[in-house]
Every structure is written in C-alpha cells, then in structure tokens.
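Novice: The primary structure of each chain is shown beneath.
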Amino acid sequence: VITQGAPSQPSNPRSPSLEAVRTRLVIAVFAFLGVFLLLGARLVELGLSSPERVAHAATGGIPIYVAKRADITDRNGIVLATNLETSSLYADPAKVLDAADAAEKLSTVFPDLAKAELVDALHSGRRFVWVRRKLTPQQMVAVNALGLPGFSFRTEEERVYPQGPLFSHAVGFVDVDGRGLAGTERYFDKALGDPAYGEQDVRLTLDARVQFALHDEMKKVFAAYRAKGAAGLVLDVTTGEVLALVSLPDFDPNLPSTATPEQRFNRVVQGVYELGSIFKTLTFAIGFDTGRISMSDGYDASKPLKVGKFLIRDDHPKNRFLTVPEIFIYSSNIGAAQMALDIGADNQRVYLEKLGLLTAPLFEMAEVGRPLYPDPWREINTMTIAYGHGIAVSPLQMAAAIAATVNGGILIPATLVDEGEPRKDAGTRVFSEDASAKMRALMRLTVIEGTGKQADVKGYLVGGKTGTAEKAGAGAYQEHALLSSFAGVFPMDAPRYLILIVLDEPTGTAATFNYSGGGWVAAPAVGSVILRIAPMLGVAPRQRELVAVRDVVIHAASNP
Amino acid sequence: MRPALFNGLALVVAAGAGLYFLKSTIEDRQQHLAALKVDYVADQKALKVLKAEWAYLNSPEYLKELSARYLALKPLAPGEVVLAAAEIPRKSEPALPVTFAYQTPLPDEPAPAASLVAARSGKADEP
Chain Z
1 VITQGAPSQP SNPRSPSLEA VRTRLVIAVF AFLGVFLLLG ARLVELGLSS
51 PERVAHAATG GIPIYVAKRA DITDRNGIVL ATNLETSSLY ADPAKVLDAA
101 DAAEKLSTVF PDLAKAELVD ALHSGRRFVW VRRKLTPQQM VAVNALGLPG
151 FSFRTEEERV YPQGPLFSHA VGFVDVDGRG LAGTERYFDK ALGDPAYGEQ
201 DVRLTLDARV QFALHDEMKK VFAAYRAKGA AGLVLDVTTG EVLALVSLPD
251 FDPNLPSTAT PEQRFNRVVQ GVYELGSIFK TLTFAIGFDT GRISMSDGYD
301 ASKPLKVGKF LIRDDHPKNR FLTVPEIFIY SSNIGAAQMA LDIGADNQRV
351 YLEKLGLLTA PLFEMAEVGR PLYPDPWREI NTMTIAYGHG IAVSPLQMAA
401 AIAATVNGGI LIPATLVDEG EPRKDAGTRV FSEDASAKMR ALMRLTVIEG
451 TGKQADVKGY LVGGKTGTAE KAGAGAYQEH ALLSSFAGVF PMDAPRYLIL
501 IVLDEPTGTA ATFNYSGGGW VAAPAVGSVI LRIAPMLGVA PRQRELVAVR
551 DVVIHAASNP
Chain C
561 MRPALFNGLA LVVAAGAGLY FLKSTIEDRQ QHLAALKVDY VADQKALKVL
611 KAEWAYLNSP EYLKELSARY LALKPLAPGE VVLAAAEIPR KSEPALPVTF
661 AYQTPLPDEP APAASLVAAR SGKADEP
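These protein sequence lines map, in sequence, to chains Z and C.
Numbering-wise, the numbering used here puts 185 at position 185 of the first sequence, and it's gapless, one number per residue.
Numbering-wise, the numbering used here comes out as the position in the second sequence, counting from 1, plus 560.
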C-alpha cells in the first residue's frame with residue numbers, strides 16, 4: 001500500500017493512482033472546509049445573538065421587596081405594626097428516622113414542647129408537620145446543631161408590634177397565620193394582606209406621642225384608684241380625627257394568646273356605658289338649639305324629684321333654686337331632668353338620632369358597640385337620659401357628640417385613618433353656632449368654678465363636663481359602683497382637641513378624700529394630659545380668658 | 561500572502577477578540593447586577609428590620625425611662641412658653657422683661673367687669 005504513495009513516483013504525474021489520490025484530497029479538503037464553514041456560521045450566530053438570551057436571570061426590573069402584610073403607621077409615619085421574616089421548623093415524617101429520639105432532642109431546645117403529641121404527629125403518615133412556628137435565631141442555631149434528618153426550616157413572616165401594649169386596642173393583632181383578629185388589623189385585613197396593595201402602608205390618625213401621654217396618665221389613675229377598667233381618647237373636634245385611643249387593662253399584641261378577654265375588650269369602641277352627667281352637655285345644647293331653654297332660666301332643685309317610683313337626686317346638692325348655668329356647672333340631675341321635660345321627648349330623640357347616638361357608629365374597627373336605649377321612650381326615660389342614665393353609648397360616640405356641641409355645632413364622624421388631606425365638609429350641622437358658643441362658655445365655667453376645677457391648666461382655657469354615673473346592677477343602680485368620667489376640651493376660645501377619660505368603678509383614696517366621682521378621679525388626669533400634649537400639638541397658651549364667660553350670669557339675683 | 565487577505569484576517573481576529581471581551585464584560589456586569597439585586601432585596605428586608613428596631617428604641621415608654629435616668633425633663637408649663645423668638649433673653653444683653661404667654665395680659669385687655677368674674681378671678685386667674 002505504501003509503494004502506491006504519490007511521492008515515490010513524481011516522474012509520472014498522470015498515472016491513474018495519482019489521479020485517485022488527488023480526487024481523495026479534494027474530497028477531504030471540501031469536507032473540512034464544509035465543517036469549518038459550519039463552525040464559522042455558528043460563531044457568527046452566537047456573536048450576533050442578543051445577550052438577554054444568554055443570561056436571562058440577571059435581567060428584568062428593579063426588584064421591590066413586598067412583605068405579605070403592609071405596615072400600619074401613626075400619623076407621623078412611626079411604625080406601629082410591621083412584618084419581619086422569621087423561620088419556622090417543620091418535619092417530613094417520612095424522612096424522620098426515630099420520632100421519639102427526635103422529640104426528646106428537640107425538647108432540649110423547646111422545654112415546653114408537647115413530646116407525646118409530636119411523636120403522634122410524626123407517626124400520622126402526613127408529609128408535613130409544623131413543629132414550632134417563628135423561632136428566635138438562637139433556637140434556629142440550636143436546632144441546626146442537633147442535625148436531625150427530616151426536619152427543615154421554612155421562612156415565614158411574623159407580625160411585630162414595636163410599641164408593645166401602647167396601641168394594643170387601636171391597632172389590634174393577628175393570628176399565627178397573619179390574619180387580622182382585632183382592631184384596625186381586622187378592619188383592614190384584606191387591604192393589608194393583599195400584595196396588590198403593595199408597599200402602601202395604612203396610616204392612622206393616631207399620634208404616638210399623644211397616645212403615650214394619654215396611656216401614661218390613664219395608667220396612673222387606673223392603678224391609683226384600682227379601677228376595673230378605663231377608656232380614653234383624644235379627638236380633634238375640627239376634623240373628627242382620633243389622635244389617641246386607650247383602653248385599660250391592655251395587653252401585648254405581640255403575645256395575643258396570653259391576653260384575657262377582659263384585656264382584649266375595647267372599652268372605647270366596643271363597650272357601651274351609661275355615662276352619666278357628661279350627657280348633660282347634649283341636653284343643654286339641645287335646649288339652647290330648640291330655644292326651649294335660655295341662660296336666664298332656672299329650676300327648683302331644693303329637694304329630690306319624685307317621678308313614680310323613681311327618685312332623682314343630685315350628687316352635689318345645693319338644695320335651692322338653680323339658674324341654668326348653675327345646673328350645668330354644679331351638675332344638677334334634678335334641674336336637668338326638668339329641663340328635659342321642657343325640651344320634650346320627641347326633640348330629645350330626634351337630636352340624639354342626629355348625633356348618631358341611637359345607631360352603631362361607622363368606625364374603622366370591626367368591633368363597634370351598638371348603643372342601648374329605652375323602647376318605648378317614656379317620660380321617665382326622657383328625664384333620666386337628660387343626665388345620662390337609661391341610655392348606653394360608647395365613649396367614642398359620646399366624644400363625637402360632645403365635639404359637635406363645642407365646634408360650632410357640626411357633627412363630624414370620628415375616624416382613625418389618615419387620608420392625607422383635611423376632611424372638610426365631612427360633618428352635618430346639628431346645633432346652631434349660637435348654641436355652641438353658649439356651650440363653650442358653660443363648659444369653661446364648669447372648669448373655672450364648677451365640678452371640673454381639677455382639670456384646669458393655666459393658659460389653655462380648658463372647658464369640660466364631669467360625669468359620675470351609678471352603674472346598673474341587678475335591677476337597681478349601685479351606689480358604690482361608679483362610672484366616673486371627664487370630657488375636657490381646649491382651648492375654649494377656638495376648640496381644637498377633646499379628651500375623654502372614663503374610669504370603671506374607681507375607688508377613692510385619701511388623696512381624693514375617698515371621693516371617686518368624675519371631678520375627683522378623671523378631671524385631674526385630663527388636665528395632666530392637656531399639660532403634656534398642648535405643646536406637642538402646637539397650641540399656644542392664651543393670655544386672656546374666654547370672652548363669652550363674662551356674659552354668663554351664673555347666680556340668681558336672689559342668691560346671696 | 562496578499563496584503564488584502566492579511567488585513568482581512570487581522571480584522572477578523574481583532575473583531576473576534578473585541579467581541580469576546582465585550583461579551584465577557586457584559587457577562588461580568590450581569591453577574592454583578594444579579595448580585596446587586598439580591599443585595600437590594602436583602603437591604604430592603606434589613607431596612608424593614610431596622611425601621612422596626614428604630615420604632616422600638618424610640619418607643620415613648622423606653623424614652624421616658626431613659627429621660628428619667630439621665631435627664632430632668634418635665635412637661636412644659638404654659639408659663640414657660642414664649643410666643644416670639646425675639647422675647648427669648650440673651651446672655652450678652654442685659655435682662656429685659658420677658659413677656660411670658662400667660663403671665664402678662666395684653667395692653668388692650670379690658671379689665672374683668674362682671675362681678676362674678678371678679679369673685680372668681682382671685683382663685684382662677686392669678687398667675
């Protein structure tokens with residue numbers, strides 16, 4: 001075969017064997033050329049291909065991390081509720097080698113682990129068993145160190161309330177799967193949990209600083225007077241925005257399962273109470289607005305009023321004829337009951353309806369209390385309702401109604417959600433401007449020289465009304481179980497904020513001479529709150545007294 | 561070899577090399593971008609944690625504790641509020657009478673007229 005090679009016979013180029021070699025060479029050259037052309041074409045194709053196809057994963061828009069549940073913030077953007085990532089431990093029973101041993105080892109990390117239940121679950125034949133939700137980083141490291149097969153972590157999100165118990169009732173809480181169970185969390189459950197809602201946080205009208213001032217002062221009196229409960233709120237009377245909302249006793253929303261029903265109960269929104277004399281504010285405003293009552297009128301309050309089997313008495317008896325301003329500032333039930341008769345049951349009912357006190361209010365919370373009122377509405381009911389007995393409303397409703405008596409007569413529904421723009425034209429007129437001006441003067445006088453003296457803070461023109469209601473027991477009112485309250489408004493020359501504090505069954509102390517009425521236990525707390533929040537809210541101290549109070553002649557001429 | 565062919569080949573080699581460097585740079589950049597995006601998401605999560613921590617460390621209850629321990633701050637009394645910055649006394653100047661918001665009535669303030677106000681002003685209106 002070698003002897004046939006071309007170089008051995010160069011002298012004869014036309015030999016047939018040489019021709020055959022040449023043909024083969026040409027075939028080989030073309031074959032290689034074809035392959036190289038293919039490679040070249042592929043090279044060009046790759047070179048011209050778009051880079052997107054090469055590295056798809058790295059492209060796309062800027063990734064935005066959206067938590068499974070949006071945040072809740074106060075009006076200044078302070079975080080009240082947020083979602084943070086955490087790890088939860090689960091098991092795949094099919095991969096677990098020794099259930100009893102695993103349970104034993106895990107109990108060294110979780111001393112409170114129910115071992116028997118875990119072993120049962122691991123033998124149940126399911127493919128997924130939660131062992132423990134929301135571990136701390138230390139627990140996670142400890143479980144990892146055990147090196148148990150079949151146990152893994154899953155990243156979950158946990159609802160965190162950095163402010164602790166401060167906003168427990170206002171914000172509410174969620175269950176372990178992040179579903180809102182109470183408060184704002186429940187009312188806005190869908191919007192908060194919907195990823196389409198995006199990073200849009202829910203901004204509340206609450207102000208953390210005001211909330212703390214109210215919470216702090218309420219906790220003091222709640223403890224000092226050993227009250228069963230307390231409710232309080234701060235309301236902007238010009239917009240209906242709730243700046244603070246506190247219900248005591250409260251709980252830590254980070255650990256809702258440890259809270260008792262008593263702690264979870266929202267006394268501001270859910271609870272309805274016969275609030276007592278602060279209701280007189282409404283009776284007087286209705287009287288002035290209908291024209292049935294004037295400042296110069298007066299009523300006989302020299303002895304308790306007997307109506308059928310009822311006896312209407314005064315908490316601060318003067319035992320004489322009282323002028324209309326006196327009835328208000330000394331909080332005479334006898335006088336108010338007689339005024340209500342002059343106003344008439346129908347008028348009273350229509351106005352209370354207009355003030356929203358006969359229906360459950362629209363408020364951004366799931367748990368809204370429904371008012372209780374008499375049906376049929378008899379004469380005796382009209383008389384007792386005049387001083388706040390026989391009708392039960394929530395402190396929230398009461399605050400909105402009182403706000404309408406001082407803000408010029410406009411009822412503005414209370415709200416908890418900051419819509420970013422001022423709520424104008426949100427209200428409906430209930431009282432005339434003139435009736436409202438008279439109420440401002442009377443409320444200021446109550447603090448200057450009536451039952452509300454202890455709420456006064458120099459310079460802020462505080463006005464208000466005390467309430468001391470006997471709580472309804474089994475079939476009768478209990479003389480020693482009181483509901484003591486104070487509704488304070490400041491500054492009275494241009495009312496801006498209303499503070500309502502209600503204490504449930506306070507017990508008087510030596511400091512209050514064992515009195516536990518609204519003027520003794522609630523009014524000083526309202527005064528302390530005003531002292532703290534007025535500078536924060538930018539209310540400048542006033543240099544002069546409310547002009548209108550000079551025009552009110554309090555005492556009857558015959559009175560010494 | 562003809563110069564044209566040589567030039568052509570050189571061009572092809574140069575273009576190939578350029579393309580290679582370009583593509584490898586793009587790949588590096590894309591890897592960098594992907595890493596940045598991962599970091600960005602991690603930073604957003606960290607930001608959320610830090611915001612929660614900030615809210616926690618600034619919670620009024622905690623600040624009150626710190627204030628009680630290190631400062632002697634108390635709620636501002638109405639008499640301590642001045643209404644204009646010009647009224648704040650300065651060290652270098654001799655002390656001028658300061659108009660506190662509550663203490664001094666305005667000149668045009670009419671004297672309390674009604675007897676009931678006079679009776680009550682003794683306890684309620686004194687500075």
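The hints are simulated quantities; they were obtained by calculation from the structure and are not laboratory data.
One should not assume that every hint holds.
If we take Cβ atoms under 7 Å as the criterion, some of the chain Z residues that face chain C in the derived model are [claimed, not checked]:
{"#": "1", "residue": "G61"}
{"#": "2", "residue": "Y65"}
{"#": "3", "residue": "G77"}
{"#": "4", "residue": "I78"}
{"#": "5", "residue": "T82"}
{"#": "6", "residue": "V160"}
{"#": "7", "residue": "F212"}
{"#": "8", "residue": "L537"}
{"#": "9", "residue": "G538"}
{"#": "10", "residue": "A540"}
{"#": "11", "residue": "P541"}
Cβ coordinates follow ideal geometry from the N, Cα and C atoms, glycine included.
Novice: Grab the minimum C-beta distance from Z/G61 to chain C and call the hint holds if it beats 7 Å, violated otherwise.
Specialist: Because about 9 Å separates Z/G61 from the closest Cβ in chain C, which is outside the 7 Å limit, the hint is violated.
Novice: Does Z/P541 hold up as a contact with chain C if the rule is Cβ-Cβ below 7 Å?
Specialist: 4 Å, holds
Novice: Would the hint on Z/A540 be counted as holding, given a Cβ-Cβ threshold of 7 Å to chain C?
Specialist: 6 Å, holds
Novice: Are Z/V160 and chain C close enough, Cβ to Cβ, to be under 7 Å, as the hint says?
Specialist: Holds - the Cβ of Z/V160 comes within 7 Å of chain C, reaching about 6 Å at its closest.
Novice: Is the hint on Z/I78 kept, meaning its closest Cβ partner in chain C is under 7 Å away?
Specialist: Z/I78 check passes; min Cβ-Cβ to chain C is 6 Å, inside 7 Å.
Novice: Please check whether Z/F212 passes as an interface residue: C-beta within 7 Å of a C-beta belonging to chain C.
Specialist: 3 Å, holds
Novice: Answer holds if the nearest beta-carbon of chain C is closer than 7 Å to that of Z/L537; otherwise answer violated.
Specialist: Result: violated, 12 Å to nearest chain C Cβ.
Novice: Given Z/Y65 was flagged as interface, is its beta-carbon under 7 Å from a beta-carbon of chain C?
Specialist: 4 Å, holds
Novice: Does Z/T82 hold up as a contact with chain C if the rule is Cβ-Cβ below 7 Å?
Specialist: This interface hint holds because 5 Å falls under the 7 Å limit.
Novice: Does Z/G77 hold up as a contact with chain C if the rule is Cβ-Cβ below 7 Å?
Specialist: The hint is violated - Z/G77 has no Cβ within 7 Å of chain C, the shortest such distance being about 10 Å.
Novice: Hint validation: Z/G538 versus chain C, beta carbon distance must be below 7 Å. Holds or violated?
Specialist: 11 Å, violated
In this structure, the earlier hints numbered 1, 3, 8 and 9 are contradicted, and the remaining ones agree with it.
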